[in-house]
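Novice: From first to last, the protein sequence lines are chains E and L. Taking the UniProt record's numbering, the leading residue of the first sequence gets 1, the next gets one more, and so forth. Taking the UniProt record's numbering, the leading residue of the second sequence gets 1, the next gets one more, and so forth.
No lab work stands behind these hints, which were simulated from the structure alone. Built from N, CA and C at the ideal position, the CB exists for glycine as well. Treat each hint with caution, since some may be false.
To give a feel for the contact side, a few chain L residues facing chain E, derived at Cβ under 10 Å [unchecked claim]: (1) 39; (2) 40; (3) 43; (4) 60; (5) 180; (6) 181; (7) 235; (8) 238; (9) 242; (10) 245; (11) 271; (12) 278; (13) 320.
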Amino acid sequence: MAHALSDDQVAGELKKMVAFIKQEAIEKAREIEIKADEEFAIEKSKLVRQEVSSIDAQYERKFKQAELSQQVKRSKVTNSTRLKILAARQELLDSIFERAREKLADVSKDTAGYTEILKNLVLEGLYALNEAKVNVRGRKADSEVLKEAIDKAAGEYKEQTGLDANITVDENNALPEGSHGGVWIIGTGGKITINNTLEERLKIIQSESLPAVRYGIFGENKNRKFYD
Amino acid sequence: MSLDSEYLAEAYTNVRARRIGWEAAVRGGAVTEEQSQRIKAVDRTPRAQRKEVIEQQPAIYAEVVRQVLQNSQEKNKMDVVQYMLVWTADILSDVPSFTDALLSLSSPYEQFLVLLRGSHNDDQTPVLAAAVLTTLLSSSAAKKSDDARTSFFHYLANVVSRDSDHHLQDLAVQSYVALLRRQEAKSIFWGVRSETVAPLVKVLTASATGRGGDGGRNGIVQGGVPLQLLYHVLLVFWELSFEEDIAEELNPEYDLIPTVTSILHSSIKEKIARVCLALLTNLITKAPTVNLPPLLLSSILPLLQRQAASSNEKSDPDMSADRDTLISALEEFQAQQTTLSSYRMEVLSGHLKWSPTHRNQTFWKKYAQEILDDTEVITKLGEVLQNSDDKTSLAVAANDIGALVREVPYARKRWEENGIKARVMALMGDDDAEVRYEALQAVEGFLRTAFRG
């Protein structure tokens, strides 16, 4: 530029240049702002997503835990009620058998019948042992009826089998005082014993009749699957 | 954010210089006595004082503005309206809390949207109203404003499509730039893209092909389009490209990449190149599969590499970073290409050129069968043949089909089915000599194989 510029012209040119530079700067600044806003938006949404998914995971975990503990409680309660029911039932059965046991005392009161019973008890022992010589123990109080019963039993035994049976009463080892009756039959010189006391027979009846008693009181068991 | 425009600045100075007779206005019913008092309290006072007064009672002033606008519009006192609009714009830029105050009125945009319609002898009011609306809608406090945004976009799109007035166009696009900073605005904008985006694409294509007209008597132009306008349009696209789904659809729908790359090639000013690079970088980072192939094909890579080599420490670090990202992405992509996949890419882009592959006999021998099995490529070739206006693409497509027919004769039936054979024969009568020649060759290929077994 060969021409000299006047001061005004210089000032004018400077102003124009300043304005131009400012304009360019403003535009670049705006671009930077736009980019910054966008990056912020992206970062924010990423963080939000992350946190949301971690909160979801936490909630999931807590929910599962709560569910689990609820299930545990539920099964505990079910169990305890079941146990209570079983206990109550057992009590009922026990009381039935207790009453039966009490009734046992009356058996020995009916002398005729009791003699018959004793005879049959002894006979049972004889058949089972199948021996010539047999020892019998009874209650002290029964010694009379016992002798009678033994005779009858030996007679019937001879009738049925044709064998002789030598039955002796063991006076020294009587049944304890609390016993309700019945006999012990001992054979082979004391090596085999048959417990045919009334208590023992009651016990046997108890265990054999338990299913029938249960059925009678509680009805059919809905949970049972196998009947063979 | 303030809109930068000579036109607007002029309008503002004019309106500000007017003296409004407030008493007359009160008598005319446009303004109440109280409102007139308030306005006079801050009118023609030094800026600092005005700022203080308004900051103390922003809600009341917001109400004043609204009432005055409503009443004066009803009484058709447009000078009062214009004065209020300019006044509001000034306050909005001075006092940030005023924006919130205005926005917390019920249906804050109503008044201004009405004013956008304007009347036949008054085109200043819409522009002034638009300026205020831009500030309101681009602030972060603007909630539940989707309807307002849509109507505003409508108005702006109208302005943009008026190619005659570049100043107004530029102003409207600047409004776009401000409004599109918000993400909700972007989705709305994209939703009505036939109105909003299409005219913008037109501007870009005009610039790229140099057909922009005289672009206004003064001011720098690129390809006939005024520089500022081009810059702002590019900014709009750059903002849009931050959204992933928009980045995926931009090129397929508007064929943006060739346009942008040619603008980049011929850019005179650094800022144009800067925004172009930023736009392209966004496209390939957000939606690489869609955008990398066309970008590679536009052979922008050599240019970028040259520019990178010649840049020095003084140049813009953001721009260099963008350029480097583009270069590395493109180089990586290029390394992965096999000849067949490059061919495929080229066909699928719809822009076929005379690269060595097309003439190479070994290429055809090797890949003809595979190409024929690739129905996508075949359909696309057929499409290009039917629909393309570009003579080079037509010629190349015809050549390709001829080569395929020669290599794999027994697939002839396929060509007949698609109607491609008929089309090739029709092309024999095309205006362009090259197209005619290639079509002839292709038909010869068909005939040659017709009389074999």
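Novice: With reference to the structure, classify each hint as holding or not holding.
Specialist: The hints, checked one at a time:
With 10 Å as the threshold, the beta carbon of residue 39(L) stays out of range of chain E, its nearest partner Cβ sitting at about 31 Å, so the hint is violated. This hint is violated: residue 40(L) has a C-beta 34 Å from the nearest C-beta of chain E, more than the 10 Å allowed. Interface hint status for residue 43(L): violated, as the beta-carbon distance to the closest one in chain E is roughly 29 Å, over 10 Å. Annotation: interface hint on residue 60(L) violated; nearest CB of chain E at approximately 32 Å, more than 10 Å.
Residue-level restraint check for residue 180(L) holds (minimum Cβ-Cβ distance to chain E is 9 Å; threshold 10 Å). A cut of 10 Å between beta carbons decides the hint on residue 181(L): the least distance to chain E is about 6 Å, and the hint holds. A cut of 10 Å between beta carbons decides the hint on residue 235(L): the least distance to chain E is about 7 Å, and the hint holds. Evaluation of the residue 238(L) hint against chain E yields a held restraint, the C-beta minimum of about 8 Å falling below 10 Å.
Hint status for residue 242(L) relative to chain E: holds, with the closest Cβ pair at about 5 Å, below 10 Å. With its C-beta approaching chain E no nearer than about 14 Å, residue 245(L) sits outside the 10 Å limit, and its interface hint is violated. For residue 271(L), the suggested interface contact is upheld, since its CB lies about 6 Å from the closest CB of chain E, less than 10 Å. Look at residue 278(L): its Cβ gets to within about 8 Å of chain E, closer than 10 Å, so that hint holds up.
Hint status for residue 320(L): violated, given a least beta-carbon distance of 14 Å to chain E, over 10 Å.
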